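> One letter stands for each residue in the lines below.
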Amino acid sequence: MAGVAFLVQSLRARDDARTDLVHVRHQLQTERSTSSSAATQLAKARRAVQAIKPQLAGLATNAAALGKLDDQDRAAVQAAFQAGLAGDLGAFNTAVGQRTALDAQHDAALEELRKTANAVIGVLDTLRG
Amino acid sequence: MSSGASVVGSDDRMNQVKLARRERRRRRRSTTLLVVTIVAAVVAVACVGAAFVVRSDTTEVRSQAEPVHQQLREVAANAVDAERRLATLREKSQTATTALVAVLAAFQAQVDASNTAVDAANQAVDQYNNGQAGVGDAFRAVGDAAVAAVVERTTAVSTAVAQAKTALTELAAASG
Chain A
205 MAGVAFLVQS LRARDDARTD LVHVRHQLQT ERSTSSSAAT QLAKARRAVQ AIKPQLAGLA
265 TNAAALGKLD DQDRAAVQAA FQAGLAGDLG AFNTAVGQRT ALDAQHDAAL EELRKTANAV
325 IGVLDTLRG
Chain B
281 MSSGASVVGS DDRMNQVKLA RRERRRRRRS TTLLVVTIVA AVVAVACVGA AFVVRSDTTE
341 VRSQAEPVHQ QLREVAANAV DAERRLATLR EKSQTATTAL VAVLAAFQAQ VDASNTAVDA
401 ANQAVDQYNN GQAGVGDAFR AVGDAAVAAV VERTTAVSTA VAQAKTALTE LAAASG
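From first to last, the protein sequence lines stand for chains A and B.
Residue numbers for the first sequence follow the working numbering, beginning at 205 and rising by one.
Residue numbers for the second sequence follow the working numbering, beginning at 281 and rising by one.
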């Protein structure tokens, strides 16, 4: 009886081991498929960002440059008002002239920044599906 | 007398026959028991032998499964890592998009505030030219709020530019 029980218990253990082997092989196939999908999506997203890396660096630089133009614009406006408050119309006209001189450069830089930013935003939107 | 002796002799023979039968049955049972015991022992030994063979087979199957389990753990870990990196990249791209939208809005707001201030200055000059006020008074009436707005929006531009720079740098870093 003990020998038969030992045999039966051994057969059950082997069946369990075989079932486990089949199960884990199936799981491996499924997991490989999932992993492959995630890796593909990641690679695609990374390629997309890598492709716009120069624009990302350019955006930061151009935004900083435009920020400096804004600082000059603010300084010119403040100078114009200070001159006006002081009743110095000559200085007022000089300050207004300085600000006007910035306009074309500022507008062009802002337009360029807007175009690049919108293109980058379009690419980034595709990353998020 | 001879007839009585004959009866006694017959009884003895019958008893001897019965005893002989009992003995034969006992021997047969013993033989059967011995055979059964031997068969049971053989079966038990065979079962134990088979069980060891099966166990060896089980060990082999388990040894086949172990590397597959290991592979499964590695593949699962890789999948989790890829999903985490993808989630990070998407989060950084969302942050960068938000920062870019904010920086464009900040620049536009600064432009609007500056234009409003210049309009206010021109109005002050017009009032002065029309003799409605002294030049200083005309600027005092419109100047503070307009200049304050320009200063505030220019500061907001600096903040937005710094945030955008950080967001873009982090996005580039997340892409590897």
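Just so you know, these hints were derived from the structure itself, not from any lab.
The structure displayed is predicted, hence computed values, not measured ones.
Fair warning: there could be bad hints in the mix.
What the hints assert, rightly or not - So the derived list for chain A, only partly shown, Cβ under 8 Å to chain B, looks like this:
1) Arg278
2) Gly291
3) Gly294
4) Arg303
Virtual Cβ for every residue (Gly too), placed ideally from N, Cα, C.
> Take the hints in turn and mark each one as holding or not.
Going down the list of hints, with the structure as the test:
1. Arg278: Given a least distance of 4 Å, the restraint on Arg278 (chain A) holds.
2. Gly291: 5 Å, holds
3. Gly294: Violated: closest Cβ of chain B sits about 11 Å from Gly294 (chain A), beyond 8 Å.
4. Arg303: The hint holds - Arg303 (chain A) has a Cβ within 8 Å of chain B, the shortest such distance being about 7 Å.
Comparing the model with each numbered hint stated earlier shows that hint 3 is the single one that does not hold.
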